[in-house]
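Based on these hints, arrange chains B and C on the given structure of chain A.
For reference, the chains in residue letters:
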Amino acid sequence: MSTQVQSSEHAHEEHLTGIKRWLFTTNHKEIGSLYLIFSLVMFLIGGAMAMVIRAELFQPGLQLVDPHFFNQMTTVHGLIMVFGAVMPAFTGLANWMIPMMIGAPDMALPRMNNWSFWILPFAFAILLASLFMEGGGPAFGWTFYAPLSTTYSNDNTALFVFAVHIMGISSIMGAINVIVTIVNLRAPGMTWMKLPLFVWTWLITAFLLIAVMPVLAGAVTMVLTDKYFGTSFFDAAGGGDPVMFQHIFWFFGHPEVYIMILPAFGIISTIVPTFSRKKLFGYSSMVYATSSIAFLSFIVWAHHMFTTGMPLAGELFFMYATMLISVPTGVKVFNWVATMWRGSISFEIPMMFSIAFIVLFTLGGFSGLMLAITPADFQYHDTYFVVAHFHYVLVTGAVFSIMAAVYYWLPKWTGHMYCITTAKWHFWMSLISVNILFFPMHFVGLAGMPRRIPDYALQFADFNAIISIGGFAFGLSQLIFVWCVFKCARGGESVPAKVWDGAEGLEWEVPSPAPLHTFSTPPEVK
Amino acid sequence: MRISKFAYLLTFLLLSPLTLANSDYNMRKGVTDVSHSVYELHMTIFLICCVIGLIVFSVMFWALIKHRKSKGAVAAQFHESTKVEIVWTAIPFLILVIMAIPATKTLIAMEDTSKADITIKVTGSQWKWHYEYLGHDVDFFSVLSTPLSQVNNEEEKTETYLLDVDKPLVIPTNKKVRFLMTSDDVIHSWWVPDFAVKKDANPGFINEAWTKVNEEGIYRGQCAELCGKDHGFMPVVVEAVSPEKFEQWLTEQQLAKTEAVKEAEALLSQTLSKEELMTEGQTVYMGYCAACHQPTGLGLPGVFPGLKDNAVVKGELDEHIDVLLNGRPGTAMQAFAKQLTVKQIAAVITYKRNSWGNDTGEVIQPSQVQAFIDKTSGE
Amino acid sequence: MHAALVKKLIIAVVGMFAFAFALVPLYDVFCEVTGLNGKPDMEAAQASSLVDESRMVDVSFITQTKQGVPFSVKAKQFSVAVKPGEMSELVFVAKNLSEYQRVMQAIPSVSPGKAAKYLHKVACFCFDRQPFEPNQEVEFKLVFYVDTELPQDVQELTLSYAIFDISDVALARDDAKTEPYKG
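Residue numbers (the numbering used here), protein chains in the order written: chain A, 924 to 1449; chain B, 632 to 1010; chain C, 15 to 197.
What the hints contain is simulated information worked out from the structure, not anything from laboratory work.
Fair warning: this is a prediction, and the values are worked out from it, not measured in the lab.
Ideal Cβ placement from N, Cα and C applies to all residues, glycine included.
Keep in mind that the hints are not guaranteed to be accurate.
[Said to hold, decoys possible] Label pairs and their in silico Cβ distance ranges:
| id | chain 1 | residue 1 | chain 2 | residue 2 | range |
| --- | --- | --- | --- | --- | --- |
| 1 | C | 88 | B | 891 | 19 to 29 Å |
| 2 | A | 1385 | C | 180 | 26 to 36 Å |
| 3 | C | 88 | B | 890 | 21 to 31 Å |
| 4 | B | 693 | A | 1106 | 33 to 43 Å |
| 5 | C | 64 | B | 949 | 24 to 34 Å |
Just chain A, same shape as in the assembly:
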């Protein structure tokens, strides 16, 4: 039934050409590409803001921007990277790969799919436009703590809230689509415990999105009504409490962190077995570990708030619960290592990114464990140590996994192999520069440099200069990536259906490049 509807739609859409084809497309592959291109653009814009930040911090003193603009840069950099780069990239990968991995003809709700993508550019246009309004854009950090974002902000708050609402609606629609697709459109014989891990992790991520994006929507709504409609959710004078904002925000915020890393686990669990030419070790424990991480993510939020003043029992509970997360995360790392153990390993580009992911993400995990220890957190909190931590898990974690995925599936998407030499340059340049960029942040953080400051005391000067150099190098390295992908899309050596000899999965059974419509008749999974 659904396949018939699909094919009549396809007949319709193929008549469209030019911009209309992209505007009205309901094809999961085209929408996937749109998401990926959009996230790449956002990655570059957010990255440009990071360059502004690093340029200002290259030396002590104020050189390039005033502190108010600096705060706008840190705020919008964070928002763009989280909601504009990492999340849409994963949604793009989900769009491209999930139907092909489970043997479905398309996403279950193709028209909604079109909507969930096309509202995104508007959200970010609004957010970016707010930078040009009088008084500038949001300058209260991506965490928008009240009352800095309510009483003490100018009218950019309204634009910010509106933009976040649209991003939230987009994510929720995307998540609904993923869940319905996975639940209803699996090929015959594709039982739950046969699902590729990328699909599993995305399914769990989609449930997380549905659980917490509405809470974020609630939080921004309260900020809006507090600022413009006289409520006092977060204002003590009217019986509210600014600390409550943080509780609501982090109730969203912590699961959000896992939304940005669970699909990455799925990607790594796909790539490592391919290039080890050995089945993933402990498939079922991977599924259980992912689920328990997702569950635990709901009961650890207050570890972001140890300094707000909490009863001892609360501090202990959130410390223990947070430490506990390292158990399932550890299981994952051990499983990957065990997959490689006694395999037949080769080092193609996706594998190189995956190995870098495993090492550097684990490093970020260690600093996360240190941050969980409440008494020590009083010293780490809101310093560059935290900045180092979340950039290790988000850049060398999430972003590296996305790059691994692109290098893994790009030949399938385009039908061409990319230039290996260029890709190697990208990998090594990124790997070296990213560590020059983020590793010394641990040191300045421990030595006492607070985050979100435009200027710093002299003892932090040397490291900051090094960090900035690493930052510029990392920024430039990404241009190699853009070049490499662009060239590959334009042409190159043709690849067979099964691009990697050790790869497994339905996506390798369709020709390369994957035709617009795959699995119109569902395959049989044994």
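Below, chains B and C alone, put in the same frame as chain A:
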């Protein structure tokens, strides 16, 4: 030979942080018992993480080197083992328990609610700290004293760049000092790394922290919670002195306060020259106003209004005095009634009314400001 | 085939949006139980009957008036030593420093937070909004006691009042709206 060199390097990497306490690389060991145990805790967890990482990645890199396809490795077939899974779930769990024990102990020690020898109320506001010694009638603001010229790279930066204040907080050593934190506007966070004290100052509520400093000295920290434009420019400086010196200091402060009242009274009968008021006014402006309204008086459009050709600055004197004394609630404009003396207020108003092309030519005397205060407070 | 599942998921989304708002009252309950943020009861407590003669607790009082808020509120005594269970009285002197009618709201907060639920107020000016005539001075009586159940290790506690001017909301006067903070 190669192995011994490697072992040496490894020991160095692992142990060097131990010797680097109070360096530019590592957490400060600090000067209180609590900060010492936090430091020990930090190093313990750090070393445990290093060891785990070393083991896991050694195994991984061993596999990467030995089990390469190019070396002819053939993939084994195993892909499951419940036994192994249980082991590597249980061992990390046990390690966590080992970590949790000292962490819990330190945390409980930090939550000590026994009686303090002195209580200081710490109030954060954009972008300065206010300290009040409860029950001793001493209170003052503590503001960044690094000159703007250093920030703007017009002058060489001093060693304590951005970590200097006009009046540091003074506390006695070897006494339990309790801090009650609160805020006047947004959330701030009071942090002194050497005490391992970091506590948020939340508007409308109080938070508590304490310290007992073992050594005399000057300890510097910064605001740790993003609090707006000049978040990076509100340092915390604490001077720990012996209890005797502290008592002496406290008495001096109380005396100085009475002196200041007398001086202010004397001022009311005097008429100051325009030059004197302009000079004093410029100093006050640069210290208290220029961060927002800018040295040029142009402000930051949309965020902080400019004062050049400003309606209030060029308009009614009473309204101008009022805004300065009482601020504009709901905006970043603070009330300066308690921060500045009557003379300073008169001077800065004179300065604003005669600078950047504002040419009212008015000279405002301290007595005029005092008259306004008397009129409005109904006394 | 998809409609039923989509409907369930949309209900979940709406439910979670509502949950965000349900967190507001939940948070208050949570605060009351755990003393989070030092929020004490905002309702009058019953008088106590039991007195613990074995120990003394220091209770100090501070007021936090935001700069520019035209009230001065001060406890006549900075600190009192009480026995748990013993009823105490304290006088606060409050003054409207402006020439207009004003309404004041005091928000109490207790430190250490874990002591918050053991400080009972039998009468407090913070239970209600307090209207003031221009330049009026008022004396408020606070009647309170410390619960005998107060943990042994708490030897001193602080009751802080954050003083807010809520004239704009409470009076909704035209002049208060247009020029809310005239001298």
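Mind listing which of the numbered hints don't hold for this structure, in increasing order? Hints 2, 5 not satisfied by this model.
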